[in-house]
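One-letter residues, chain by chain:
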Amino acid sequence: DMKVTQMPRYLIKRMGENVLLECGQDMSHETMYWYRQDPGLGLQLIYISYDVDSNSEGDIPKGYRVSRKKREHFSLILDSAKTNQTSVYFCASTRDWGTYEQYFGPGTRLTVL
Amino acid sequence: GEKVEQHESTLSVREGDSAVINCTYTDTASSYFPWYKQEAGKSLHFVIDIRSNVDRKQSQRLIVLLDKKAKRFSLHITATQPEDSAIYFCAASNSNNRIFFGDGTQLVVKP
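Protein sequences appear in the order of chains A and B.
For the first sequence, my numbering gives the first residue as 1, with consecutive numbering after it.
For the second sequence, my numbering gives the first residue as 114, with consecutive numbering after it.
Pulled out of the complex, with its shape left as it was, chain A reads as follows (with noise of 0.2 angstroms):
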């Protein structure tokens, strides 16, 4: 069964302290994506990961960082939250290159206070 997961799906946390965000796939895909999701703003690309240790840099890098140690895993790191990250955030996997469907996760919803 081809599937993304993400956990938490629901999270509130206070500015200044830590968030992580995990992500899994059962597909073997090489290729990892992190998005944001505001109102009007469409989908925002924060990290892309072409394998384990290996990611680079999307549209809105700032404020966050990845970590992909297994290819089924990839991690978003929010080190000290501020309150304009607060968003829906969406993870996806594509086998290759970009050139075949993305599978997306069912998203987490993070509020910073």
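Please keep in mind that the hints were generated in silico from the structure rather than gathered at the bench.
Owing to the predicted nature of the structure, the values given are computational and were not obtained by experimental measurement.
Among the hints, erroneous ones may be present.
[Stated by the list, open to error] Derived BS3-like pairs (lysine-lysine); straight-line CA-CA distance at most 27 angstroms:
1) B:Lys116 / A:Lys62
2) A:Lys3 / A:Lys70
3) A:Lys13 / B:Lys155
Let chain A serve as the given structure and place chain B on it in line with the hints.
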């Protein structure tokens, strides 16, 4: 870099009518054009794609047209149903690991 624009931010149609969502792109190297659907409060899922070696593709009630000369592609949904109501995102990729999304079109199908 690539920029994908969706021309309709919202689109309202009557059930049974056709809906057309138009997108343009800027990078002539783009060769893969997928469409994604996002229902209210849910995640995105893939619906259909087209590659640059063809100019038309159909999957049941969905038709995608690609005009490479005009750098334009469109999603046609025929015989719309209430469950077609969602946000639709077009995207473009040049096989260089990035996919660029449009800002989405909210489609409302009225009974």
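### Query
Broken hints, numbered, in rising order?
Failing hints: none at all.
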